[in-house]
Amino acid sequence: MSALRRLGPPLLSGTLFGAGLTVGGMTDPARVRGFLDILGAWDPTLAFVMAGALAVMAIAWRVRARMKRPVFAEEFSLPEKQDLDPRLIGGAALFGVGWGIAGLCPGPAVASIAIEPAMALPFVAAMIAGMALYRVAPSRPATA
Amino acid sequence: MTLAAFPDAQPLAGLVGGLMIGIAGALMLLGAGRIAGVSGIVARGLGLSDGGMSPGSAWMFLLGLPLGAALAAIALGGVQVEAPPLALLLVAGLVVGFGTRLGSGCTSGHGVCGVSRLSARSIVATVTFISAGILTVFVMRLIGVVA
Chain A
1 MSALRRLGPP LLSGTLFGAG LTVGGMTDPA RVRGFLDILG AWDPTLAFVM AGALAVMAIA
61 WRVRARMKRP VFAEEFSLPE KQDLDPRLIG GAALFGVGWG IAGLCPGPAV ASIAIEPAMA
121 LPFVAAMIAG MALYRVAPSR PATA
Chain B
1 MTLAAFPDAQ PLAGLVGGLM IGIAGALMLL GAGRIAGVSG IVARGLGLSD GGMSPGSAWM
61 FLLGLPLGAA LAAIALGGVQ VEAPPLALLL VAGLVVGFGT RLGSGCTSGH GVCGVSRLSA
121 RSIVATVTFI SAGILTVFVM RLIGVVA
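Chains as they are written, first to last, in my numbering: chain A, 1 to 144; chain B, 1 to 147.
Hints in this document: simulated from the structure, not taken from any laboratory. A virtual CB, placed ideally from N, CA and C, is assigned to each residue, including glycine. Any given hint could be a false lead.
[Said to hold, decoys possible] Heads up, incomplete: computed chain A residues facing chain B, CB under 10 Å, no partners named: (1) L16; (2) V56; (3) V110; (4) I113; (5) M127; (6) I128; (7) P138.
[Claimed, not checked] Taking CB as the label site, the calculated pair distances span: (8) P85(B) x A137(A): 45 to 53 Å; (9) L135(B) x M67(A): 19 to 27 Å; (10) P85(B) x V136(A): 37 to 45 Å; (11) S54(B) x A47(A): 31 to 39 Å; (12) A58(A) x I74(B): 26 to 34 Å; (13) S77(A) x L86(B): 34 to 42 Å; (14) L3(B) x A125(A): 33 to 41 Å; (15) A87(B) x M67(A): 44 to 52 Å; (16) V63(A) x I143(B): 41 to 49 Å; (17) R5(A) x I143(B): 46 to 54 Å; (18) G90(A) x G47(B): 23 to 31 Å; (19) L12(B) x A118(A): 27 to 35 Å.
Extracted from the complex, chain B is given alone in its bound form (with noise of 0.2 Å):
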C-alpha cells in the first residue's frame, strides 16, 4: 500500500511494525510491570541509573532488538539502511545519551509508553523532542550538512 502524496512512505509496514511494538510494551507492562523504554533499559543494563527492572530483564530485552531485527531482516529478505557518516552518528549518539537520561526517557518510553497512558510529562517530552528533530534537520538543510 502507498499513499498518493508521499511515494516513499510505507504506511502498512508501518502500521505492522507499530502494532508490533505496541504489543511488545503491552507485554513489557502487563508481564512484568515494567515501561519498555528503551534508553532506561540500556543504562539499567550497565548500571548507569539506580532504578528500574534487575539488569538480567534489561539484558533479556537488550539482546532480544537486535534478535528480533535480525528475523525481521531475514523474513523480509533484507532491509534499506541509508548510514549517516561516522562524525554524525558519534555526535548524535553522544547527545542522544545525555539527553535521554536527562529527559528521563526517548521515542519508546514517553513517546509509546507514556504519551498512551496520558502521562503530562510524556507528552511534553514528545512534542519537544520530535520538534526539536524537525528544527534540527531543517538547520542542517540550511547549513548544507545533511545525512
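One chain only, chain A, in its complex shape (with noise of 0.2 Å):
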C-alpha cells in the first residue's frame, strides 16, 4: 500500500480533529474548567462539542457495522475487551482529577502547542512522563 494511502487518512483526521478542538473553544482550559464548574458560571460549550462528535460516530459506527475492510487500511484494529476493571476506572479517576486541574486533555494539549507553547509544551511533557512511568510501573501486566 503507497505511503499516500497509509499515511494520508491520519494527517487529515488529526487535522480536522485539531481544527475542531479549535473551532468548538477546546483549547482553551478556562472554558473546559468552565464546563466542570457546575457550581461556578457553567460553561455549557463542551456538551454541545460532544453532542456534535458523537452525533457524527454515532453514523460511522453503522456505516462500520456494513463494511468488510476499512477504505485504506487492510482490516478494521479496534479495542474488544468488554471488562470494568479497577483499572479502567482508577485510570478514568485519575484522569479526570488531572483534567480538573488544569482544562487540558491530551487532544486540546497537543493542539495548542501551535497556539500557545508556553502553556502546552510543559503539559504535554509532564504528560509523557506520566506515561512513561505507567510503562516502567511494576504493576502492569504484560499486555496493556
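Two chains, two separate frames, one set of hints: put the complex together.
What follows is the structure, encoded as C-alpha cells:
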C-alpha cells in the first residue's frame, strides 16, 4: 500500500481534529474548566462539542458495521475489551482529576502547541513523563 | 448564537467544532480502521505502548493536531487561551499521562469514539472522568486554588 494511502488519512484526521477542537473552544482551558465548574458560572459549550462529535461518530459506527474492511487499510483493528476492571475506573478517575486541575486533556494539549506553546509544551512534557511512569510501573500487566 | 442563561457559552461554535471532531474520528475509523484516541496515539508515537496503529500513522495524526489548530486559529483571526499556572500544568500533565494509560483512554477515545459505539467500558470511563473533573474543580474552589 502506498505511503499516501497509509499516512494520508491519519494526517487529515488529526488536522480536522485539531481544527475542530480549536473552533469548539476546547483549546482554552478556562472554557473546559467552566464546563466542569457546575457550581460556578457553568459553561455548557463542551456539551455541544460532545453532542456534535457523538452524532457523527454514531453514524460512522453504523457504517462500519456494514463494511468488510476500512477504505485505506487491510482490516479494522479496534478495542474489544469488555470488562469493567478497577484499572479502567481508577485510570479514568485519575485522568479526570488532572483534567480538572488544568482544564487540558491530551487532544487540546497537543493541538495547543501551535497556539500557546508556553502552556502546551510543559503540560505535554509532563503528560509524556506520566505515560513513561506507567510504562515502567511494576504492576503493569504484560498485555497493557 | 448565545444562550440567555449562559452568556459565556458558544453553543454554535461548539457544535460545529464537535461535528469536525466527529468527521475526524469517522475518517480514522472508516479510513484507517482505528480509534482516534489521542492519549493512545501519543503513547504509540513515542513507543510507550505495544498495540495500536503504526508509529508513522501516529505521528501523522499528532502533527495534524497542531496543524489543524493553527489553521483554525488563522481562520478565526486568533483564539482566546487562558492558561493555568505552570505548577498546575505540570501536576495535571503527569496525572493525565499516567491516568489515561491506566484507564486506556481519554476524552477522545472513550468520550467520543467509545461512547458513540455504546461501549460499556467507555461509558463508565467517561462518567468517571467527568465526575472526577467536576469534583476536582469543586475542591480547588473550596481550598482557593483556581486555575
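Tested hints:
Checking L16(A) against chain B by beta carbon gives a least distance of about 4 Å; that is within 10 Å, so the hint holds. This hint holds: V56(A) has a C-beta 3 Å from the nearest C-beta of chain B, less than the 10 Å allowed. For V110(A), the suggested interface contact is upheld, since its CB lies about 5 Å from the closest CB of chain B, less than 10 Å. Annotation: I113(A) was flagged as interfacial toward chain B, and the flag holds, the nearest CB pair being 5 Å apart, inside 10 Å.
Hint on M127(A) holds. Least Cβ distance to chain B is approximately 4 Å, under the 10 Å limit. Interface restraint check: I128(A) against chain B, minimum CB-CB distance 6 Å, threshold 10 Å, status holds. Below 10 Å, beta-carbon pairs count as interface contacts, and P138(A) has none with chain B, the closest being about 13 Å; its hint is therefore violated. A beta carbon spacing of about 28 Å between P85(B) and A137(A) contradicts the range 45 to 53 Å that was offered as a hint.
Range check, L135(B) to M67(A): Cβ separation about 40 Å, and the 19 to 27 Å hint is violated. Judged by the Cβ atoms, the range 37 to 45 Å given for P85(B) and V136(A) is violated: they are separated by roughly 28 Å. Between S54(B) and A47(A) the CB atoms are about 34 Å apart, so this pair conforms to the stated range of 31 to 39 Å. A58(A) and I74(B) have their C-beta atoms about 31 Å apart, which keeps the hinted 26 to 34 Å range intact.
A beta carbon spacing of about 38 Å between S77(A) and L86(B) agrees with the range 34 to 42 Å that was offered as a hint. One distance hint, 33 to 41 Å for the beta-carbon pair L3(B) and A125(A), holds here, with the actual separation near 37 Å. For A87(B) paired with M67(A), a C-beta distance near 47 Å keeps the hint of 44 to 52 Å intact. At about 48 Å, the CB distance of V63(A) to I143(B) agrees with the hint of 41 to 49 Å.
The hint said 46 to 54 Å for the Cβ distance between R5(A) and I143(B), and at roughly 53 Å that hint holds. At roughly 24 Å, the beta-carbon separation of G90(A) and G47(B) lies within the given 23 to 31 Å, and the hint holds. Our hint of 27 to 35 Å for L12(B) and A118(A) holds, since their Cβ atoms are close to 30 Å apart.
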